[in-house]
Each structure stands twice: as C-alpha cells, then as structure tokens.
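Asker: As a plain string of letters, each chain reads:
2 protein chains.
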Amino acid sequence: MSLLVTGSVGIDTVRTPYGLNQDCIGGSAVYFSMAASYFTEVKFVGVVGDDCPFDLADLFRTKPVDLAGLEIRAGSRTFRWQGSYEGSMNEARTDAVELNVLAEQPPAVPEAFRGSEYVFLANTAPSLQMKLLDQLHNLKIVAADTMNLWIQTAGDDLKKLLGRVDLLVINDGEAKLLTGHYNLISAARQIIEMGPRFVVIKKGEHGSMMVDSRGNIFLLPAYPTDVVIDPTGAGDSFAGGLMGYAAQVGSVDTMTLQKAIAHGTVMASFTIGDFSIHGIKNATQEMIEERFDRLRKITQF
Amino acid sequence: MSLLVTGSVGIDTVRTPYGLNQDCIGGSAVYFSMAASYFTEVKFVGVVGDDCPFDLADLFRTKPVDLAGLEIRAGSRTFRWQGSYEGSMNEARTDAVELNVLAEQPPAVPEAFRGSEYVFLANTAPSLQMKLLDQLHNLKIVAADTMNLWIQTAGDDLKKLLGRVDLLVINDGEAKLLTGHYNLISAARQIIEMGPRFVVIKKGEHGSMMVDSRGNIFLLPAYPTDVVIDPTGAGDSFAGGLMGYAAQVGSVDTMTLQKAIAHGTVMASFTIGDFSIHGIKNATQEMIEERFDRLRKITQF
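Top line first, the protein sequences correspond to chains E and D. In terms of the numbering used here, the first sequence is numbered consecutively and its last residue is 1539. In terms of the numbering used here, the second sequence is numbered consecutively and its last residue is 1539.
Possibly wrong hints are sitting among the right ones.
Copies of the same chain are indistinguishable here, so a pair counts whether it falls within one copy or spans any two.
Quick list of in silico lysine to aspartate or glutamate cross-link-like pairs, DMTMM-like style, CA-CA up to 25 Å [stated by the list, open to error]:
#1 1535 to 1404
#2 1397 to 1464
#3 1414 to 1279
#4 1398 to 1261
#5 1397 to 1531
#6 1398 to 1289
#7 1414 to 1512
#8 1414 to 1329
#9 1301 to 1395
#10 1414 to 1324
#11 1497 to 1404
#12 1497 to 1288
#13 1398 to 1329
#14 1398 to 1512
Simulated from the structure, these hints should not be mistaken for lab results.
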C-alpha cells in the first residue's frame, strides 16, 4: 500500500562522545523515508530553503522514494538543529534551533499523492499536521508523532489531531507529559481515550511498548548494541521501519504491528550505529533480516 | 537441588505515593525466600536482634523454608531501613538506615546446610559474603548481589568475591558504577572478565538483561502493571524466582536461565503490587503460571 510521509529536512550539527558532525543532513522525514524505503515505496512531502546544501534526489537515488512532494522554497532558509548527547546518550540536548522554513506555510501535497492510504505525520505543529491531513482523501491509517513543545503550547490542537489519528508514536517522557501518568501503561490507556486505536511508546535504549484499544499490550527491548555513535533520528527510523513494514503487509492488525515494531527496532539500531544517516543508508535487506531474527531469538524464552 | 540464601531480615518503614507503611517486615533474604519457595525448598541463613517483632516461623508456615539458619542474637538490634519512592518509583531513596546486627559477625551456616549446591549471597559486605562461602563445601552455582556502597568502599573485596561467583545480579546504576560503562552490554562484558559466567542486569520498570561468557544476550521487559504500590524487595524477589526456578530444574544452562529470568520477572511483579511482602506472600502457582504465559505472549512477535 502507498505510504506518504511529511516531516522535516534539516541541517544538523551533532556532538556525541564520538565526535562533532557539522552541517550534516537530518530531519524526521529524511530518517523516516530512508528506513521505510527498505519495505515499500515512500511518497515524500517536505520543504527546504534555497540554501539547502543537500541533493535529496542523489541521496535517495537507489531507494524507492518519490520526491515529487519536496519543495525548494525560494527566499527561505532550511531548518537547522544543533544538539548534543552525553552519558547514556538516551536524550538529546537541543543547543540551538532555527525553525526557518518550518515556521512558514507547509508544503502542498502533490495531486498524485492525495490518494495515499498509509500516512505518517512526523513531528511538527499539530495545526500543520491537520492541514496536511485535509489534503488527503483515501486514508486507511494515519500515524503521527509529536513532542513536548506542542503538548505544552498547542494542547487543544493536539487533542483535535488525536481524534483523527489511528496510531500515535510518542516517547516515554512525552507520554507522561501529555497524560500526567508516570506509569506508561496508564499513560497509554489515557491516550487511547483521546482517539488513537494504537499507542506506541518509545523508550530509547529501553525499547518500546504498544497498547491497543482492545487492551492488548506488546513489549519489546531495544536491539542490543555496545556502540552508540549518534542517536539522532532513531525515533524517526523506528517509525519508518514500523510504518514501512505495515504498508508492505497492507494491514494494521495487532499481530502485524508487533512484527512492524520489531522492524522499527531493527531500523533504529542501524541509525544509532553511525553519524547522521550513514548507518541507515548503508543497511541491506540481508542485514535487516539478520537483526530481525536475532532480536526474536534473544527475546524468546 | 538444594538452595541456600543468606541476606538480611529488616524492619522497614516505606513511604510511596500510596501511603506510609511503618515497621513492616523486609530484608533481602525474606523477599528472596518467599519468591524462591514457590519453586524449591529454601535454606535460610540470617540474623536478627532480640527486638525483632516478627515471627518468621509463622510467616513461612505454609512455605518450604527451613529456618534452621536463622539466629536471634541476644543483646543485638535488628537491621532497620527507612525509604521512600516518588514519581516513576524506579529508585528508592534511603531516608534512614541502622545496620545494627548486620554490622556484627555474620550468622553461622548450620552443619546440615553446608552441602547446599545452589547459593544466593544477597547484598551485604563482600568480605561477609566470602566468609559465608568459606563454610560451604559442595557448591555448584554461586549467585550474588551487591550495591553501590560496596563498589565504592570495598572494591578489592568485591573483586575477590567476583572471582568466586558464577552469576552476578546487579542493577543498571551499579553496573555502570562498577565498570565505568554507560552502555550496559559493555558493562556486562567487563563484569564477565572479572569472573562471573553470567551477569544479570536489573533495570527496574525497564526489565532485565543477561549476558553470558559465550557472548549470548537475553533481554526481557518487566511484567506490565499499571499499579505499583511499593517496589521494595522487587530485586530480591526477582533473584528468588530466578534461583528458585534454576534450582528446581537443577541446571544453569543459558536456556534454563532465560526461563528463570522470566520467572524472576513474574515474582517481582507480585511484590510491587502491594506493600511489604503481602503481594508475593499471597501469590499462587496458578497466578504464577498465568503471568508467565502472559509475559511470553506479550513479548513474542
């Protein structure tokens, strides 16, 4: 089934204990598309300024990513993010951010993309996420991400959005902030009452959890790795593997989503193994299958 | 196979968001024995003062726990611990501690216990853990726990002890402190170089991880629960379920230990569901099997 993503393209500068990586490519839609492209064709909707130093067509040259929805806006500047990681590297510290073009009008969804059935609304203002949804007319599954900023500053919009979302992907701290529950099961159940049929809570190095509206719970540890170079984009790669696999199978029953979460976990493990998109870009189908099988083996008893 | 435990009996005062529980029974050997008693007979070695308000014989009346190694020491006072939990309740804050009888000579191992094959040395000074080991002559598997205090103040003794231990149970913060590694896989591998064939790292609400000397990894989430009343004793209940199951099977191959960790996870879930030992004391074989089966179901994909 067709999968559309809309989210950011960014110029990232990232410092981790392994070094400083300046002005590299980043952004939620980039990581998501790269991960999802191993499973299905991806329709990309995003906007950069005319200062953007990256050639996305070249970047995705060997991947089934349709860039017809990428706008290069004259006179605008590309989104920039500067962040750093320390210690267990489980959380990014934002050192500087320039929204630039992301603070302007969102990109339009090309006519050819408007019948997309699977949609992922990567993290941005909930009002923009809704404007994007308004342009689509054949929705089967809408998944979305959000963040602290919108929970704190756009709570009403976010609640409206949640009424239109089937699957929310959110990290543990955000789930607590959104619901006031420290207990993640309780938090997930409350989010389900806000609209989504499925809530997937990302816990970084501690893995992830899914709760559905019928009360089913699924728990999965993170893929074990002893070298984390750069966690940037791990959450978006996770979502890309998840939605890419679900769109490939063409179903979002609970069983499919459990396997989809395992694929998301594997895709995130490639991202964190190198700076920027190098880890996820250089994965192969064989490497993905190998890690998927190993993840199953080391979690069974 | 016979399972011996040595550890503390305590008078606990615990405050959690669910209330204050004053002067209740606690201590590592109590939680461990209660959990392990569902799987095998437990030989209990511990010491209390003559002020101890608890009747352990009555407490373990219906459980296969042999208290021949319980010493009630005249003129001494029982160990006391006062602690509290807030927020996610993942870590206890110690508000007050009186070592009392735990700072004196350790209890003797009764002659009838000295041939025990499975041994768990619950957390205490490594020098005392070694004195206990010296009294045993038929060891098959030695498992031990430790804590920050000994890592910081008795590192040399601890390293000697680790050379005599087959399986170390340790929490994530302690593993980082012991090795200097934030990454838990790296931390576990370094601990294996110190002696143990198996390292089990407890991560509280995030579950647990085992690494063995052949490089195998096993990951298991915590049993999901939306009500955590009192986490005190969860780690010792986990160890009790783990060692109790392993002693029942009579093996410590990797496959058995994976199932043992799942049983430990289940036993910890009973402990955190009520204050003090009420949750674990009132479990039944049927409840244990039900949670074990559910844990398997919700982690498979």
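Asker: A separate judgement is required for each hint: does it hold in the structure or not?
Answerer: Against the structure, the hints come out as follows:
1. With identical chains, the CA atoms of residue 1535 and residue 1404 are at most 25 Å apart between copies only, with a shortest distance of 24 Å across copies and 30 Å within one.
2. Taking identical chains as interchangeable, the C-alpha atoms of residue 1397 and residue 1464 lie at most 25 Å apart only when they sit on different chains, with a minimum of 23 Å there against 39 Å within one chain.
3. Taking identical chains as interchangeable, the C-alpha atoms of residue 1414 and residue 1279 are never at most 25 Å apart, the minima being 34 Å within one chain and 42 Å between chains.
4. When the C-alpha separation of residue 1398 and residue 1261 is checked against a cutoff of 25 Å, the pair qualifies neither within a copy, at 35 Å, nor between copies, at 50 Å.
5. For the homomeric pair residue 1397 and residue 1531, neither the shortest alpha-carbon distance inside one copy (38 Å) nor that between copies (36 Å) is at most 25 Å.
6. For a Cα distance limit of 25 Å, the shortest separation of residue 1398 from residue 1289 qualifies neither inside one copy, at 34 Å, nor across copies, at 61 Å.
7. In the homo-oligomer, the alpha carbons of residue 1414 and residue 1512 lie at most 25 Å apart only across protomers (23 Å), although the nearest pairing inside one protomer, at 30 Å, exceeds that limit.
8. For the identical chains of this complex, residue 1414 and residue 1329 are neighbours both inside a copy (15 Å) and across copies (17 Å), given an alpha-carbon limit of 25 Å.
9. Taking the closest pair of Cα atoms, residue 1301 and residue 1395 never come within 25 Å of each other, the shortest separation being 35 Å inside a single copy and 57 Å across copies.
10. Taking the closest pair of Cα atoms, residue 1414 and residue 1324 come within 25 Å of each other both inside a single copy (23 Å) and across two copies (14 Å).
11. For a Cα distance limit of 25 Å, the shortest separation of residue 1497 from residue 1404 inside one copy, 18 Å, qualifies, whereas the shortest one across copies, 35 Å, does not.
12. For the homomeric pair residue 1497 and residue 1288, neither the shortest alpha-carbon distance inside one copy (40 Å) nor that between copies (57 Å) is at most 25 Å.
13. Taking the closest pair of Cα atoms, residue 1398 and residue 1329 never come within 25 Å of each other, the shortest separation being 28 Å inside a single copy and 36 Å across copies.
14. For the identical chains of this complex, residue 1398 and residue 1512 are neighbours neither inside a copy (37 Å) nor across copies (38 Å), given an alpha-carbon limit of 25 Å.
Violated hints, listed in ascending order, are 3, 4, 5, 6, 9, 12, 13 and 14; each of the other numbered hints is respected by the structure.
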